[in-house]
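Participant: Residues per chain, in single letters:
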Amino acid sequence: MTYETLITERHGPVGWLVFNRPEAGNAMNATMFDELAQVWIEIDHDPAVRVIAVTGVGEYFNTGRDVEALAREPERLRILRGQMRAYDMHFTARHQQVAKPVVAAVNGICAGGGLQFVTDSDIALCSSNARFLDPHVSLGQTVEYSAFTLARTIPFGVAMRLALTGRHEHMSAARALEIGLVTEIVDPPEKLREAVQTAGELIARNSPAALVHSKRAMWRALQMGLDDACRAGSQDIAAMWDHPDQIEGPAALAEKREPKWQPPEAGER
Amino acid sequence: MTTRDYETLVVERRGPVGWLLFNRPRARNAMNLIMRSELAEAWIELDEDETVMVIVCSGAGETFSSGVDLADLADPERAEVFRGDIERPDAVSFTARNQGVRKPVIAAVNGLCVGGAFMWVVDADIAIAAADAQFIDPHTTIGQVVGRGTLGMVSDMPFEPTMRLALMGSHERLSAPRAYALGLVTQLVEPPERLHDEAQALGELIARNSPAALAATKRAMWRTLQMGLDDACRLASQDIESMWTHPDQTEGSMAFDTGREPKWRPLARRGAERVKRR
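Top line first, the protein sequences correspond to chains A and B. Okay, so the first sequence: first residue is 1 according to the numbering used here, each after it adds one. Okay, so the second sequence: first residue is 270 according to the numbering used here, each after it adds one.
These aren't lab readings, by the way, just hints derived from the structure by calculation. A couple of the hints might just be wrong.
Some chain B residues near chain A, calculated using beta-carbon distances under 7 Å [claimed, not checked]: (1) I355; (2) S424; (3) A435.
Note that CB positions come from ideal geometry on N, CA and C, so glycine has one too.
Whenever a hint applies, use it, and build me the whole structure from the sequences.
Facilitator: Written as structure tokens, this is what we have:
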């Protein structure tokens, strides 16, 4: 399917989702919100895709809601606000319960609501010229869900600083690497997609079913106390026991060949 | 104090520090069934030993540990025992935290720390590593789901690098310097051969603090990982209060005032104050 505000591509096992409103800093208008809800599900269901990468066209990664465009569509704005209030959004991989690993490729400025695509990805890489900021409080708004996620995923003081400095301070790529918001900086910036494609292909060599269960168990660990998360995780571990991949993996290792994995079952998605 | 002989572990005392070394170097210190049951005993032996103030856990030879022994997992009968550990996570007994160890535990990571071995790192109170140590989680590469160690790591360091380790499987390793930067370990030891000396020195430093205060502090700190912030703080007030009437509280300030080393009370017997994990 073709989209007005997004580009989708597939390279080998990696499905790419590219924000394509460079004239608006890849901010999200009503169409983009609609298209994002659909595209995650489309890519997640594509059997040829093992890993999903998300990036932006141009100098921006994503800058959140397109406030001006949405002001022209008051009815849509009302619906989006309702979803926000009910914590029932549909524009990130996590909102859409994407089962496959998602890698964010932050190609430039990532601001405000755009941070949600970083927090809701499993892994993030960025170009050396990427910058992160959360301008909400500078615009008289409360921070959004990305800030609450960051409070769990990076050191708290760093998350708070990003929230309270608003548009008056940017976090550099180097600092994002240091504190574990991203795991790799790509320099020169033009090599970002290449690096993300490589990382995606490495992940794609692992068992798809084991990846799905591992991803689920890891995210659950953010939802509850340590022991409860480990208890719940034991069910995910047990879920792979009678799976053919569990036999194929060690066999391939012993025979020094690439494993032949089963496609993940519908129930594992 | 007499100590029993272990087949797969070396258990020693050096001053106030009790040492627990994984000792199957030919199997890269993988945990087989014998080690599994010996660990359960060794943790309790060291926790009960009045001469031991701090426990260090490390690997003999070049590897910290390669996790659960794949040879045991390949044997249906032996694999069944490890499966049981997954089915009954509360009955697992091979880490310090599993065994309700009250004394501070330091993991000293030497060489490779693989998959299931993350458990000993995340269940230790403090982890340090040789500068050439490496962490690798091969689970997804062999068609398995990440283990409890990786899930525990979510509480130990930023989420995204942890997820990367989980999803990359054998195809990538986390270096010791990166683990240090991320806070998974708090000290890098260079040259790597000095790891055990530095662990001993760190243990001796900690051993100068009040054993009762250390135990109450450790308990309160771990509880913060189990619940929301305010709930953890409310419950911790009991741990704080538990020291108010303790003789160490008077001894601590007196020793400080007169510039001498304090004489602490030994930790109460195990069980006297033990709080169940759940």
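Participant: Does each hint fit the structure? Answer for all of them.
Facilitator: A quick look at each hint next to the structure:
no. : hint : in the structure
1   : I355 : 5 Å, holds
2   : S424 : 5 Å, holds
3   : A435 : 5 Å, holds
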